[in-house]
Amino acid sequence: MSATSVSGTTITRQGLWSNNPALVQLLGLCPLLAVSNSFATSLGLGITTLIVLTLSNLVISLIRHWLDEETRLPVQIMVIATFVTAADLTLQYAFFDLHQRIGLFVALIVTNCTLLGRAEAFASRHPMLGSVLDGFMMGAGFLMVLLLMGATRELLGQGTLFANLHLLTGLPDLTLHVADTGFLLMVLPPGAFLTLGCLIALKNVIDGAVR
Amino acid sequence: MKLLKPAILALICGLPLAVLNHRTQGVIEDNRSYHEQQQLRRLVADVTGTPELVETETGFAVSEGGKPVARIARGETNQGYNGRIRLLVAHQPTGEVISVRVTQHEETPGIGDKIDTDISDWITGFQGRTRANTNWQLAPGGDIDGITGATITSRAVSNAVREALPE
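Protein chains in written order, with the working numbering: chain A, 1 to 211; chain B, 1001 to 1167.
Honestly, the hints are just simulated from the structure, not real lab data.
There could be a bad hint or two in this list.
As the list claims (entries may be wrong) - Below, in silico cross-link-like pairs of lysine to aspartate or glutamate (DMTMM-like), each with a Cα-Cα straight-line distance of 20 angstroms or less:
#: 1; chain 1: B; residue 1: K1067; chain 2: B; residue 2: E1052
#: 2; chain 1: B; residue 1: K1067; chain 2: B; residue 2: E1036
#: 3; chain 1: B; residue 1: K1067; chain 2: B; residue 2: E1055
#: 4; chain 1: B; residue 1: K1005; chain 2: A; residue 2: D207
#: 5; chain 1: B; residue 1: K1005; chain 2: A; residue 2: E70
#: 6; chain 1: B; residue 1: K1002; chain 2: A; residue 2: E120
#: 7; chain 1: B; residue 1: K1002; chain 2: A; residue 2: E70
#: 8; chain 1: B; residue 1: K1005; chain 2: A; residue 2: D68
#: 9; chain 1: B; residue 1: K1002; chain 2: A; residue 2: E69
#: 10; chain 1: B; residue 1: K1005; chain 2: A; residue 2: E120
#: 11; chain 1: B; residue 1: K1002; chain 2: A; residue 2: D207
Chain A on its own, in the form it takes in the complex:
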């Protein structure tokens, strides 16, 4: 691959907007749809994904010349799985309460196609610095959408914002009670699809207006 000189700006713009993993590539929808029913869980899983994605991109980029063509995919998955397991153990070690809530989805980060997608499409073809930036920006793009969905669904579905955030972060209780009841559908699985659909539509409208 000759694409060794992708500029930082391009990588950043792609990760956050034009090739956003959640809004454009539509990858990693399982955790995205499942966890985004509250801001707190979205934040927890989003940050974990971002860290794992950045680190796995780093390592895969470092070993990219050493790998054989035929075995590179299982090896990439193995690297990703290693970081996910490490993240899982670290969460149980340092943030047990958070792990009680999102533990199931942490293990599922391995199967988040965004990670293997970036490993294969970017990190295995580009030098280290660019790959780290790509992992970070793709992770940030994913986190951004996750937070937006989490906030929207929690607000509409439960009438609160930032509920239980203090359980995860140790911050004081920041819960905003906007309404007493919510539109429950938004917290249930259909709400996830509706919210994601609206966000994708919104992005396309903005893109259309800019063009």
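With chain A held as given, fit chain B onto it using these hints.
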């Protein structure tokens, strides 16, 4: 020979994980038992001010000044939506529920996790129930109001609480 490099890498990946697992295991176990102890302490605070706890085969016997005041029974079910649910049920010697706490679950965040007292007070609805005075089916048809959107979780917890109570 194609598999040599993946095998080497598997070792390189596995070793630090083994070390990490070994190093964190103790603290993770501590975290888990601290979590349970905290639940237990809150559970007991609902019963009495200065309890004496004696671990028994099925849970704990709670006494105050030598007099038995309550029992804490362990409950467990894998009929939940996801994974095992463990809970502790404090009940009067007569079998009347004082309080219930979930100590471990992997139910859906935002929906099934309302069984956790940190998130909702749903589980306080079991207070005062006995095996005999309650139809443990979910409403309608039974006496237990399920959590909206989490019927399976509610049914599993309801059954587990009933199972934990004495006949």
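What are the numbers of the hints that this structure violates, sorted from low to high? 2, 4 and 11
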